[in-house]
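So you can see what is in the structure, the chains are spelled out below.
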Amino acid sequence: MVPVTKPAARTMFAKIWDAHEILRHPSGQSLLYVDRDLIHEGSFHAFADIKRRGLQPRRPKQIFGIADHYVPTRGRRPEDAATPAIERMIRTFDANMEWGGVRHFGLASQEQGIVHVVAPEQGITLPGLTIVCSDSHTSTQGALGAMAFGIGQSENAHVLATQTLWQVSPRTMRVTVDGALGTGVTAKDVVLALIARIGAGGAGGYAIEYAGRVVRNLSIEGRLTICNMSIEAAARLGMVAPDETTFRYVRGRHFGPTEEEWDLALAQWQQLPSDEGAEFDTEITLDGSAIAPMVTWGTSPDDAVPITGRVPDPASFASSEKRKAAAKSLEYMDLTPGTPLDGLAIDRVFLGSCTNARIEDLRAAAAVLQGRKAVVPAMVVPGSTQVRDQAEAEGLAQIFRDAGFEWRHSGCSMCAAMNGDVVGRGERCASTSNRNFVGRQGPGARTHLLSPAMAAAAAITGRLTDVRRLAEGGA
Amino acid sequence: MRAFIRETSSVVFVPGVNCDTDQIIPARFIKADREEGYDQFLFHDIRRDADGALDPDFPLNRPGAEKARILLVEDNFGCGSSREGAVYALVDAGIRALIAPSFGDIFCNNALKNGVVPVRLPLAVCEALADHLAANPEAQVTVDLAAGLVTLPGELGSHAIVIAPFARECILKGLDDIEMTLTYMDRITAFEAARLTDVPWLAR
Ligand code: SF4
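Chains G and Z, in that order, are what the protein sequence lines are. Heads up: the first sequence is residues 24 to 498, going by my numbering. Heads up: the second sequence is residues 7 to 210, going by my numbering.
Worth flagging that the hints you see were computed from the coordinates, not collected in a lab. All values reported here derive from a predicted model rather than from experimental measurement. Ideal placement from N, C-alpha and C gives every residue a C-beta, glycine not left out. Some clues are possibly wrong.
[As the list claims (entries may be wrong)] Straight-line C-alpha distance at most 25 Å; calculated SDA-like pairs for lysine to any residue:
hint	chain 1	residue 1	chain 2	residue 2
1	Z	Lys-37	G	Ser-132
2	G	Lys-345	Z	Asp-55
3	G	Lys-38	Z	Met-191
4	G	Lys-347	Z	Arg-68
5	Z	Lys-37	G	Arg-126
6	G	Lys-345	Z	Phe-64
7	G	Lys-347	Z	Gly-180
8	G	Lys-347	Z	Arg-126
9	G	Lys-84	Z	Arg-68
10	G	Lys-74	Z	Gly-180
11	Z	Lys-37	G	Glu-110
12	Z	Lys-179	G	Gly-77
13	G	Lys-38	Z	Ala-209
[As the list claims (entries may be wrong)] Just a few of them, taken from the derived set where beta-carbon distance is under 7 Å, the chain G residues facing chain Z:
hint	residue
14	Arg-81
15	Lys-84
16	Val-191
17	Ala-348
Using the sequences provided together with the hints, build the complete structure.
This is the structure in structure tokens:
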């Protein structure tokens, strides 16, 4: 008689991994099947690589090209680019996509936008898929229950040529956020609080699954924001189990299942969440009720504190590495220990990026701005052309314009300053993006990361400001 | 890929915890074609002052530093953007191995694909090596991938190199993994056919 054994409880990560493992090499690395690969202008190295080998993209229908990193935000023609070299990037991209027979959303396309905003929007990102892109913030797309991660150009060439990738399985970490978020506290604040707690290297070698009441109650937009910044804690990827919120979001999207296929898709996706009793290598718990609006003071995303906090004294850090790093950060940021963050004068505001430029982010900022004026230069760069159109239709664009914000076209823009939208040397920028690295927004630029509502509050006062106070009617 | 068996060289310590790829190569340079040579971009902004002049105190700007084939760096080196240009810059500058307590995940994969060996050593060992180098800038380190050992100067001893065995094999032989993967094409195609039957909306 064959004994009846209960199958071992598996994590969502393990289920998706197992479903994509073509073979395991004796050395322990797995050859994984890649369902979809996303390409942007920076992928030209990978194209050069496969051309050199006389190869072609093997599965062009599973590859999607989206122009985002270098696109001009003032106009939609390649010649609107800031420099001829940038214009060349955009044209090379179009040429590569045509050469490879790859479907692509170029600069003037109605579907154009930041790759991690467009992919969920178009139904390219779906639960249970393996998705790669030569961009570290590919982790964003795990919010729909996909296994999505960033790769380099050599790996991308490998995917183009074979639709597979050699991988070593990361360990698993579950981050449970319980409680309920207070007024003015958003997904951005949750993920900044997490990174501050575990450190910029804290999730190195891990795949994170986000769980708990706060995460369950978040919209897809909020979940995308949290998964987006997983990489800032060094995680390989972040993911959230698909649920009714996910299914509602995904249904009817262009590159997803048709209505006839819907029941089949749903049946598969409902199997994905981690089994009860599944074990994670590490568990972290956060109390969502205790999280305040967050802001960074330094040059690493883990340099984040509540807006009610102060610039720390480097001497207060436990490790000598961190003490040295903090001292250097403060010098670069031109800050003195003990300075309250609430009230710190800023020079400009950037509302954009794959972290926080979806429609909900624009709504949250517009709600704070309504009837008020920015006192510093400020710009909104919607995450996609569709988000931009929707914001126009909802009247949000008008609120931004009335408040004195520049209303730009979609792209990465000032997040990485590759398209020529840069923060000036020494300027202090309140930014909804994801990296406050030295020089990230331009040589000498000083970045403070925060949520869209907090960015709007900073625009109105010209200072880092606790948005909760502003919402109560004060200034 | 150029094979890596063993390398003995002086070592330059480039300090900075969480040194992200924007520091290794600023974004504005990564649109350059590889043929232009990426060594000119290595640590471009942090090795210069605001006027663009080379900072004589930056470790790689010191006389003799260009001889080093190995860098000692700090925790979470290469975090941030996935840009492979960070590794191209190191390769083109002649760097063949890196020693740190930890590396950014994607950076580490990119390094392996380009034949650069990332050696993880405990923080205390890295700190001791940094101290030793401060007193003995000419000290030699051997990274012996064939033996799986890194040998440090003075009393610092030998330590195992822990890297994914498959990647190690590829680097030792200078093997190209695309060509190797193509030899599995039968299994890939069979797997793919089943996958597309299960998930018919995947490829339209
Ligand atoms: S918005 Fe910023 S972080 Fe996101 S993909 Fe573009 S450059 Fe990268």
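Ala-348 of chain G as chain Z interface residue, shortest Cβ-Cβ below 7 Å: 5 Å, holds
Satisfaction of hint between Arg-126 of chain G and Lys-37 of chain Z, Cα-Cα up to 25 Å: 22 Å, holds
When the least beta-carbon distance from Lys-84 of chain G to chain Z is tested against 7 Å, hint result: Holds: closest Cβ of chain Z sits about 4 Å from Lys-84 of chain G, inside 7 Å.
Hinted pair Lys-74 of chain G and Gly-180 of chain Z, Cα distance within 25 Å: 20 Å, holds
Restraint status (C-alpha distance of Lys-345 of chain G to Phe-64 of chain Z at most 25 Å): Holds: Lys-345 of chain G and Phe-64 of chain Z sit about 20 Å apart, inside 25 Å.
Pair hint Lys-37 of chain Z and Glu-110 of chain G, alpha-carbon separation not exceeding 25 Å: OK: Lys-37 of chain Z and Glu-110 of chain G at ~11 Å, within 25 Å.
Agreement of Lys-38 of chain G and Met-191 of chain Z with the hint, judged by alpha carbon distance not exceeding 25 Å: With a Cα-Cα distance of about 24 Å, the restraint between Lys-38 of chain G and Met-191 of chain Z holds, given a limit of 25 Å.
Given hint Arg-126 of chain Z paired with Lys-347 of chain G - CA-CA distance at most 25 Å: Holds. Lys-347 of chain G to Arg-126 of chain Z sits at ~21 Å (cutoff 25 Å).
Given hint Ala-209 of chain Z paired with Lys-38 of chain G - CA-CA distance at most 25 Å: 21 Å, holds
Proposed proximity, Arg-68 of chain Z with Lys-84 of chain G (alpha carbon, max 25 Å): Outside the cut-off at roughly 51 Å; violated.
Proposed proximity, Gly-180 of chain Z with Lys-347 of chain G (alpha carbon, max 25 Å): 39 Å, violated
Hint consistency between Lys-347 of chain G and Arg-68 of chain Z [alpha-carbon to alpha-carbon, up to 25 Å]: With a Cα-Cα distance of about 21 Å, the restraint between Lys-347 of chain G and Arg-68 of chain Z holds, given a limit of 25 Å.
Taken one by one, the earlier hints fail for this structure at numbers 7, 9 and 14, listed in ascending order.
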